[in-house]
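Protein chains in written order, with the numbering used here: chain A, 1 to 257; chain B, 1 to 257; chain C, 1 to 257.
Just so you know, not all the hints are guaranteed correct.
Identical copies carry no separate label here, and so any pair may be met within one copy or between two of them.
As the list claims (entries may be wrong) - Simulated crosslink set (EDC-like; lysine to aspartate or glutamate; CA at most 20 Å straight-line):
{"hint": "1", "residue 1": "75", "residue 2": "219"}
{"hint": "2", "residue 1": "236", "residue 2": "44"}
{"hint": "3", "residue 1": "61", "residue 2": "125"}
{"hint": "4", "residue 1": "204", "residue 2": "85"}
These are calculated hints, taken from the structure and not from any lab test. Keep in mind the model is a prediction, meaning the values are calculated, not measured.
Letter by letter, the chains look like this.
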Amino acid sequence: MAIVTLLSDSGDSDHYVAAIKARVLSTNPGLTLVDISNKIAACDIAHGAFVLKSVFRDFPKGTVHIVAVDAGGNKGYAFIALQLEDHFFVSVDNGLLGLVSDKPHQNLVELNVINPVNSTFPEKDILAPAAARLASGVTLSSLGTPLSSFKKMTDRHVKATKKQILGHVVRVDSFGNLITNIEKEAFDILSKGKVYTLQFGSEKVRRVHTSYFQADQGDCFVLFNSLGLLEIGIFKGNASELLGLSYDSPVNIIFEE
Amino acid sequence: MAIVTLLSDSGDSDHYVAAIKARVLSTNPGLTLVDISNKIAACDIAHGAFVLKSVFRDFPKGTVHIVAVDAGGNKGYAFIALQLEDHFFVSVDNGLLGLVSDKPHQNLVELNVINPVNSTFPEKDILAPAAARLASGVTLSSLGTPLSSFKKMTDRHVKATKKQILGHVVRVDSFGNLITNIEKEAFDILSKGKVYTLQFGSEKVRRVHTSYFQADQGDCFVLFNSLGLLEIGIFKGNASELLGLSYDSPVNIIFEE
Amino acid sequence: MAIVTLLSDSGDSDHYVAAIKARVLSTNPGLTLVDISNKIAACDIAHGAFVLKSVFRDFPKGTVHIVAVDAGGNKGYAFIALQLEDHFFVSVDNGLLGLVSDKPHQNLVELNVINPVNSTFPEKDILAPAAARLASGVTLSSLGTPLSSFKKMTDRHVKATKKQILGHVVRVDSFGNLITNIEKEAFDILSKGKVYTLQFGSEKVRRVHTSYFQADQGDCFVLFNSLGLLEIGIFKGNASELLGLSYDSPVNIIFEE
Numbered sequence: 001m002a003i004v005t006l007l008s009d010s011g012d013s014d015h016y017v018a019a020i021k022a023r024v025l026s027t028n029p030g031l032t033l034v035d036i037s038n039k040i041a042a043c044d045i046a047h048g049a050f051v052l053k054s055v056f057r058d059f060p061k062g063t064v065h066i067v068a069v070d071a072g073g074n075k076g077y078a079f080i081a082l083q084l085e086d087h088f089f090v091s092v093d094n095g096l097l098g099l100v101s102d103k104p105h106q107n108l109v110e111l112n113v114i115n116p117v118n119s120t121f122p123e124k125d126i127l128a129p130a131a132a133r134l135a136s137g138v139t140l141s142s143l144g145t146p147l148s149s150f151k152k153m154t155d156r157h158v159k160a161t162k163k164q165i166l167g168h169v170v171r172v173d174s175f176g177n178l179i180t181n182i183e184k185e186a187f188d189i190l191s192k193g194k195v196y197t198l199q200f201g202s203e204k205v206r207r208v209h210t211s212y213f214q215a216d217q218g219d220c221f222v223l224f225n226s227l228g229l230l231e232i233g234i235f236k237g238n239a240s241e242l243l244g245l246s247y248d249s250p251v252n253i254i255f256e257e
Numbered sequence: 001m002a003i004v005t006l007l008s009d010s011g012d013s014d015h016y017v018a019a020i021k022a023r024v025l026s027t028n029p030g031l032t033l034v035d036i037s038n039k040i041a042a043c044d045i046a047h048g049a050f051v052l053k054s055v056f057r058d059f060p061k062g063t064v065h066i067v068a069v070d071a072g073g074n075k076g077y078a079f080i081a082l083q084l085e086d087h088f089f090v091s092v093d094n095g096l097l098g099l100v101s102d103k104p105h106q107n108l109v110e111l112n113v114i115n116p117v118n119s120t121f122p123e124k125d126i127l128a129p130a131a132a133r134l135a136s137g138v139t140l141s142s143l144g145t146p147l148s149s150f151k152k153m154t155d156r157h158v159k160a161t162k163k164q165i166l167g168h169v170v171r172v173d174s175f176g177n178l179i180t181n182i183e184k185e186a187f188d189i190l191s192k193g194k195v196y197t198l199q200f201g202s203e204k205v206r207r208v209h210t211s212y213f214q215a216d217q218g219d220c221f222v223l224f225n226s227l228g229l230l231e232i233g234i235f236k237g238n239a240s241e242l243l244g245l246s247y248d249s250p251v252n253i254i255f256e257e
Numbered sequence: 001m002a003i004v005t006l007l008s009d010s011g012d013s014d015h016y017v018a019a020i021k022a023r024v025l026s027t028n029p030g031l032t033l034v035d036i037s038n039k040i041a042a043c044d045i046a047h048g049a050f051v052l053k054s055v056f057r058d059f060p061k062g063t064v065h066i067v068a069v070d071a072g073g074n075k076g077y078a079f080i081a082l083q084l085e086d087h088f089f090v091s092v093d094n095g096l097l098g099l100v101s102d103k104p105h106q107n108l109v110e111l112n113v114i115n116p117v118n119s120t121f122p123e124k125d126i127l128a129p130a131a132a133r134l135a136s137g138v139t140l141s142s143l144g145t146p147l148s149s150f151k152k153m154t155d156r157h158v159k160a161t162k163k164q165i166l167g168h169v170v171r172v173d174s175f176g177n178l179i180t181n182i183e184k185e186a187f188d189i190l191s192k193g194k195v196y197t198l199q200f201g202s203e204k205v206r207r208v209h210t211s212y213f214q215a216d217q218g219d220c221f222v223l224f225n226s227l228g229l230l231e232i233g234i235f236k237g238n239a240s241e242l243l244g245l246s247y248d249s250p251v252n253i254i255f256e257e
């Protein structure tokens, strides 16, 4: 039986998350529900997109993801269901889904067009039933009317040249580790045969580790993490607090021959 | 297979919630467990009652709800199982369940009377096994001895006349939105053909929205939410902080011909 | 179908917990996942060990526990799977598992020896697949190479004589209750026929309660809790804040003839 995941900014002290789950299970009690996170910062599409992008491919193909971050939406925003990299997503078209993959979508419909529901809680009234039906084997096309495109936003880009890579912190995780948008692939190509210096805050570092524990306790580590992204941390410490860096702080790599 | 939900003030950093779930699954590993919330404020019956009341009907009929807020109880409080609106509830009789529905109960027993267990963790030792047995098809009557009534508390009432509705904030949700006890039904009747002014904090508002996004970013919205209750918020902002209102703050509606 | 539990310090606002679960469900979608807690304080082995020790036996025998606290490990730490008290555990050998039971292990292997994976996210890449396979019926011995022992740390001991018991707070729970390492068994033997005084902070108490509600609201209670450990609290209050005690604070019992 298929898996339905939930990503939201609804927190864990209200009825919202349980209401969405109840609606899914009322449609099909045999579905498996898995929380991705309900503690995305309120209306924080960048945070939500980062978490979803980092994990959705770990689920089996065919998994249905309810994406309910800033789901109240804005005027004119559509509710959509789409198939992308063999996963299904239901969401409000607020740009979040446009950030999770560069691949073209395989299928896309607008929800809530036939017999539209006017709801102030669309996660429960529109997204949850659509997700439950998709996970129960209903085809995506039958859930709505075809749509040709959905909202794409431009994510912060890394500037990479032969002389330097200019990136940013894209997520401070709950350990205080600083995850950047600098990819291992680009670094490997550009650093070949070069001496390099990583600069962030007031720190200058000249090596990249391969394990967290290559740094001593209290010392800074820099490595490419399981997402293939450059990550900066303090071994057994909170790097964000100790280095004074946070979301969007610049992280640069300078190459010399 | 039936669903067992859990509502508690036990938090998420101790063994309590897992111990309750382990006991349920030890009795019947086929049951589906769903957290309503374990982040009800410690011993806060009003918070717990609001969340439970707002969501229990979204679950399929026959769902069993473990209600373990302030479950340590007080001297002389009984442990009860009851059927209400075709749902089952197991709880300590501390008044919380008396706040979730105006309907008469369909069935009510006192638990832990035959071979009583003396426990400092009754959620696990008394409520969890009773819930698991109920969800497995055991009849409520066979779980305890009949009881004629359970504890009812008087909730804060709304004062509604032709001239005004005087209500209060009953819940500040995790977005900072202010949910009041003013019901759409009463407002619709009393506001018919009238000019009205909503007053809360230092704000005066003369319209009710139907969508969150009818307000501009940073502006105040006022609408009847999915629970049919008047809700005040700041679009993409935290109304509780920005308006200086919190639990129990008065919200009034004045009608003029 | 077997249960897989998860204990981690990964928090609830990142992709880590969902990634571990996704890997388990990708291996076997029929497994039942239960969170013990993902809010163990970062790298806090004492916190993790206390929670795990307090709850693992409540799960059915054969349950598989993923223990991912401070899982980044240290240089030379092995990944292990072991059978203990008829439960299965997969973890990094950082000492946490050595604190949860005094019983000898029934079986122990080192994971990730044959075709080792070099991962900065071993919870997902090493522990999750091992747990899923164990829960699916694969034998522990076939998961790795035999190991004779795993890391044991010495926990803070209670000093108990005929004159006194000297203990400490080992956990402040989310209610602010202070759980100590003083066991009921020892107290029952040593206090027989004696007058006793409990001392903690500036308090002196001469009785032990059997229910939380034997104290009046705002008053201190002292009882042996469901774990058989001496617990100090304030009825409907936060004892840690009100008494100024926290993790590791001394709690003594003095006996007089």
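Results for each hint:
{"no.": "1", "hint": "75 x 219", "in the structure": "between (48 Å within a copy, 14 Å between copies)"}
{"no.": "2", "hint": "236 x 44", "in the structure": "between (28 Å within a copy, 10 Å between copies)"}
{"no.": "3", "hint": "61 x 125", "in the structure": "between (25 Å within a copy, 18 Å between copies)"}
{"no.": "4", "hint": "204 x 85", "in the structure": "neither (39 Å within a copy, 50 Å between copies)"}
The structure does not agree with numbered hint 4 stated previously, though it agrees with all others.
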